[in-house]
Every structure is written in C-alpha cells, then in structure tokens.
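Input sequences plus hints: build the corresponding full structure.
For the protein sequence lines, the chains are A and B, in the order given.
Residues in the first sequence are numbered from 325 upward in steps of one, following the working numbering.
Residues in the second sequence are numbered from 70 upward in steps of one, following the working numbering.
Everything labelled a hint here was simulated from the structure, so no lab data went into it.
Where hints are given, some of them may not hold.
If you anchor each label on the Cβ, the simulated ranges turn out as follows [stated by the list, open to error]:
1. ASP215(B) with LEU668(A): 35 to 43 Å
2. ASP485(A) with GLY261(B): 40 to 48 Å
3. PRO267(B) with HIS508(A): 50 to 58 Å
4. SER461(A) with PRO267(B): 41 to 49 Å
Just so you know, even glycine gets a beta-carbon here, dropped at the ideal spot from N, CA and C.
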Amino acid sequence: MVKIYKCPACGSELVYDGGTDTLKCAHCGHTVTVSELERKEKAGETTGLSGQETADNAGNGLKEYKCPACGANLVTDDNTAATFCSFCGSPALIESRLSGEFRPQKVIPFAFDKKKAQQNFREWTGTGFLTPSSFKSQAVMDKVTGVYVPYWLYNYDMEADVRGEAENVRIERVGDDEIIHTDHFIIDRTVAGSYRNVPHDASEKMPDDCMDRIAPFDFAQMTDFSMPYLSGFTAEKYNEAAEAYELGVKSELTQDFKSAADGTVGGYAGINITGSEVQVKNPLIEYVMLPVWTLNYEYGGKKYPLYMNGQTGTIDGELPRGKGKTALLFGAAFLIFFAIAFLLGGGF
Amino acid sequence: MKKSILCLIASLVLVFLLSGICCGAASGGVYVFDDGEYLTADEEARIQSAIESVRDEVEADFLVVFTGHPATGYNRADAEAVSEAWVKAGNGYGKNHETILLYVNMDPANGRGVYIDEYSGDGKPKLKDSEIDAILDGSTYYSLADGNYGSAALSFVREAADYAKPGFFQTIWGWLVAGLGGGGIVTKIGIGRHQARPAVTKRHYLLEHSLETVRNNDSFAGTTTVVRHIPRETPPSGGGMQSGGNNIHSSAGISAGHHGGGKTF
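What follows is the structure, encoded as structure tokens:
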C-alpha cells in the first residue's frame with residue numbers, strides 16, 4: 325500500500341520534524357506525535373491517504389505506483405520504500421517494501437531538519453577556501469536530501485584464551501657484583517568482552533567507506549521502527565543480506581578483540597604472548613534504519629557526493645576546488661615566497 | 070707623527086699602485102702587485118690568471134699586494150688606503166667598485182702581517198666577518214707562515230671566491246624556485262584541508278565495562294639469577310686543560326664601505 329500522512333487540521337501532508345518525535349504540517353504547523361499516529365493506525369482510524377499499489381512493471385527493474393494524492397505515476401526501483409511524487413511533491417511511503425523480513429526492527433530518527441543540514445553543509449564548506457562560490461548557492465543547497473539508509477547491526481560476545489610468558493627483573497648490588505634476579509611467569513587466562521551495534525550499511529548504493537566515516541551513531545537514541553518516521557524522507561530496504569558482510573565483520577572484530585585481550589596482561593617488565601584463541605558467541609544481527617543527509621554536487625564534469633550523519637552532523641566527502649581560486653592562491657603564495665627570497669638574498 | 074706616516078704610506082702606495090695601474094689597466098687589468106720580489110714571475114702569472122677566471126662570477130676585483138715598505142704596517146688603515154687608491158683610479162668591479170684585497174706587509178721591523186679588506190660602494194659586502202676569519206685562519210695564513218707566498222695568494226683567491234660568489238637563493242633562479250616551491254606547498258595545504266576522516270575503529274563498539282578476565286591461571290614459573298662482576302671505576306688523575314696557540318686577529322666592522330680583518334704571521 326502507498327501511504328501519505330495527512331494533516332487532520334488542513335489536509336496537507338505531514339512530514340517528520342527532525343529531533344521532535346512528531347510529524348508537522350508544513351502548511352498550518354499542526355503537529356501529531358508518532359505514537360498518536362501509531363495508535364490511530366492500530367485502531368483502524370484514518371491517518372492519511374492510501375492507495376493500492378498497481379505495481380505495474382515499468383521495465384528495467386522499475387515499478388509503477390499511483391500517487392494517492394494526485395493520481396500520477398510513481399516510478400521507483402525495487403528497493404525504494406519512501407519517496408516523493410514528482411508531480412505533486414507528496415511524501416509517499418511504500419509500506420509493502422518494509423514488511424515481513426524487510427521491516428526494520430529499529431530506527432534512529434533524523435535529529436535535525438533540512439534547514440539545519442543545509443547550514444551544516446555551508447559551515448563545513450566555509451573551511452575550504454578553494455570551494456567554488458556556486459557550491460554554497462541556494463540552488464545547490466536545495467538538493468540536500470534526507471535518506472534513511474538500511475544497516476545491519478552486529479552483536480557478539482567474545483572470549484579469548486590468552487597464553488604466553490612474562491618476567492620481572494630485580495637487580496641488587498653486593499660489593500663489586502651485580503646480581504640480576506629474573507622471575508618467570510606463565511600467562512594463562514581467559515578474557516571476555518562484548519561488541520554491540522557494530523554497523524554495516526546494507527545498501528549497494530551507499531559507499532561503505534563513506535558510511536564508515538560518518539559513524540559513530542549514538543544507538544542509545546535508537547527506537548522501535550515506525551513508518552511515520554520516514555515521511556518527508558527517502559528510504560530503501562536492504563539489498564544485501566546480513567550474511568554477505570558477516571564474515572568480514574567477524575574477522576575484524578576477532579582481530580580487535582585479540583589485541584584488547586592481550587592488552588589486559590600487565591604488571592610485568594617483559595611480556596611475550598604466544599597465542600590468543602578467540603571464540604565468537606551469541607550472535608545477534610538487527611536490521612535498522614539510520615539517518616543520512618546527502619548532497620550530490622557536480623563541478624567541472626566531476627561528481628562530488630557528500631554525506632552527513634543525520635544524528636550527529638558529521639560530514640564526509642571531498643569538496644570541489646575552484647580552478648580560479650586555486651590559481652589565485654598559487655599566484656599569491658608564489659609572489660610572497662619570491663619576494664621573501666628576493667629580500668633575503670639581497671636583491672639585484 | 071702618526072698622521073704624517075699615514076700620509077707617507079698613502080702616497081707611496083698610490084704612486085706604486087698607479088704606476089702599476091697605468092701599466093696594468095691599459096693592458097687589461099693587473100691585479101697582483103709585488104714590490105719586494107716575494108713572488109716569482111710564474112706565481113704572479115698564476116695568481117693573475119686565477120683572479121681573471123673568478124672576477125666575473127663573483128662580480129668583484131681581487132687584488133693581491135705584497136709590500137716590504139718600512140714604516141707601513143699590516144693594519145686596517147693601510148689596507149683601506151690601498152683599496153681606496155685602487156677605486157679612485159677607476160678600478161673595482163661594477164658600479165659599486167667591488168674590491169677584495171689581500172694586503173701582505175713583509176717588513177719584519179713592524180711585524181709581518183696580512184690584512185684582508187673588502188670595499189663595496191653600496192655597503193653590502195660579499196664576505197662576512199666569519200668568512201674573513203676563516204680565510205685568515207686557514208691555508209692562506211699557514212702558507213704565509215711557511216713562506217709559500219704564491220700558494221697563500223692562490224688560496225686567498227680560491228677561498229674568497231668560494232665565499233663571495235652568490236648562493237643559489239641569491240640569483241633569480243633561486244627566487245623562482247622559492248616562489249614555485251612555496252606556492253606549491255601552500256596550494257597543496259589548501260587542497261588537502263579536506264582529507265578523508267578516519268573511520269571509527271571496531272574498538273569503539275567494545276562495551277566499556279564488558280572486558281574482564283573471567284579466568285586467571287597466571288603462575289610463577291621460577292627465578293633465574295645471573296651474577297656480573299663490575300669493578301668500580303677509578304677517577305682520572307690530574308686536570309685535562311690544554312692550552313691553545315695564539316691566534317690574534319681582528320675583524321673590523323663596516324667602515325665607509327670597507328670591511329675586513331688581519332693578523333700577524
């Protein structure tokens with residue numbers, strides 16, 4: 325079913341208001357809490373417009389739906405779960421895409437709205453004085469898009485058997501003799517620990533390295549998933565199963581835990597760890613939605629995708645560099661260094 | 070009395086030099102003057118040739134004067150008088166009449182001495198105090214003390230030319246390199262301001278208080294003992310001060326375009 329949440333006061337669309345746990349009407353300002361909408365839906369009350377999915381195959385892996393607000397065709401790919409009608413702009417949620425095994429267990433809602441995200445991007449580009457002026461224009465900032473990215477969260481308990489040797493040294497002097505006592509120890513211990521909420525994005529579209537760099541998220545703010553959180557944003561279901569990444573994640577965590585366990589051996593002058601065997605226990609994998617603001621900028625024939633953590637505001641990406649500004653910077657620096665060398669060298 | 074001696078020196082030197090200059094200048098520049106045959110003809114020719122080969126690169130006239138005139142000294146005033154006479158006669162390199170003089174007085178009655186004087190019309194000498202001192206303390210001095218006057222003069226020309234020639238960063242090529250290098254570094258820093266952030270390490274996700282040792286069977290395995298015999302050190306006897314030789318020289322500051330230093334040998 326395609327769903328659009330409507331304002332009970334004026335009938336306009338409701339969108340999630342970042343950081344407030346409410347949906348807000350852009351037209352009249354009326355707000356409705358997420359829990360209120362959930363209660364109404366459970367009670368079978370009307371909370372907006374719903375439309376049956378026509379799900380006509382539009383070819384090339386795309387599907388067509390009817391917008392419940394204006395009747396226009398919504399064309400999406402197989403993974404899109406929340407989008408906007410390109411005709412009337414209504415935020416449309418495709419509930420069937422997030423049902424069953426594809427329904428997320430948890431979500432971290434956006435902590436701030438689009439205006440704040442635009443401000444963050446502008447401030448971030450302020451530190452790059454080579455950035456083209458056009459980058460900060462309103463036309464570019466309007467392209468900032470909020471996306472709920474599907475993630476797998478991996479949880480494991482670990483135990484490491486640490487074996488090795490250690491020693492302590494005592495030195496005493498008797499007359500002309502130096503007596504060195506070396507006390508030898510055998511290290512044999514078991515260290516336990518737990519990794520929680522190790523994230524890995526579950527979308528092919530999102531670059532894994534960029535998603536790693538906008539981490540960490542504060543998972544204490546994570547809440548049970550509910551469709552209203554997605555209203556006003558785009559969202560996708562996962563298209564890579566948890567098992568696809570599990571081996572890699574386990575390997576990285578095992579290496580890290582070995583190092584952590586070895587680090588618990590202390591209080592000796594010399595330590596030689598001969599082996600650490602790690603057991604991975606109690607795996608728990610959760611499917612969640614995490615907020616990311618994206619901005620795609622094209623300059624000089626090259627694309628510059630930027631990503632912002634929708635909870636903490638951490639930004640990752642490469643800023644474009646204006647050729648004119650770069651040439652100006654080089655020219656000014658050249659003249660300054662030339663002048664300094666000229667003056668120090670005594671001139672002509 | 071002192072003033073009249075100085076006037077005598079100046080006039081003697083002037084006559085001596087001008088006579089050399091009248092002959093020398095017309096013949097393309099004579100830079101070696103020896104009134105006591107301290108140098109052989111061959112040595113004079115070699116010194117002359119050495120000076121001619123470096124003067125354009127260094128942009129300075131090198132002047133070598135050996136004199137045995139009595140009542141002259143090796144001091145600054147005498148050397149400066151010689152340089153002044155040289156410059157007044159229209160010599161010296163370029164518009165600043167750059168001249169570097171090795172003035173050696175061989176008269177034993179007044180103490181044999183050597184003085185290096187540099188004249189620069191713009192007050193910007195090519196030789197620093199420390200460089201003049203280095204020449205006076207080096208092979209120039211030792212050759213003079215050993216009586217190898219030709220070698221001393223050649224050493225002087227070679228060392229002074231090495232010190233005086235412009236360094237790379239005193240030429241336009243050096244300034245261009247400095248500009249390009251500095252400009253490149255600043256631009257690189259500007260471009261590199263947006264380095265990718267490091268990813269959060271997996272250690273971040275290890276629960277803070279979950280790491281614990283649940284079993285500890287660490288055990289003591291024994292003690293090894295090593296004995297080393299280290300005899301105590303005896304303090305050295307006597308002091309260790311060495312006395313150095315005398316090395317009297319002085320470097321004058323810049324005086325009306327002159328700059329130099331000298332010593333006895």
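Consistency of the hints with the structure:
Against the hinted window of 35 to 43 Å, the Cβ-Cβ separation of ASP215(B) and LEU668(A) comes to about 40 Å, which satisfies the hint. Look at ASP485(A) against GLY261(B): about 45 Å separates their beta carbons, and that is inside 40 to 48 Å. Evaluation of the 50 to 58 Å hint for PRO267(B) and HIS508(A) yields a failure: the beta carbon distance comes to about 40 Å. Judged by the Cβ atoms, the range 41 to 49 Å given for SER461(A) and PRO267(B) is violated: they are separated by roughly 31 Å.
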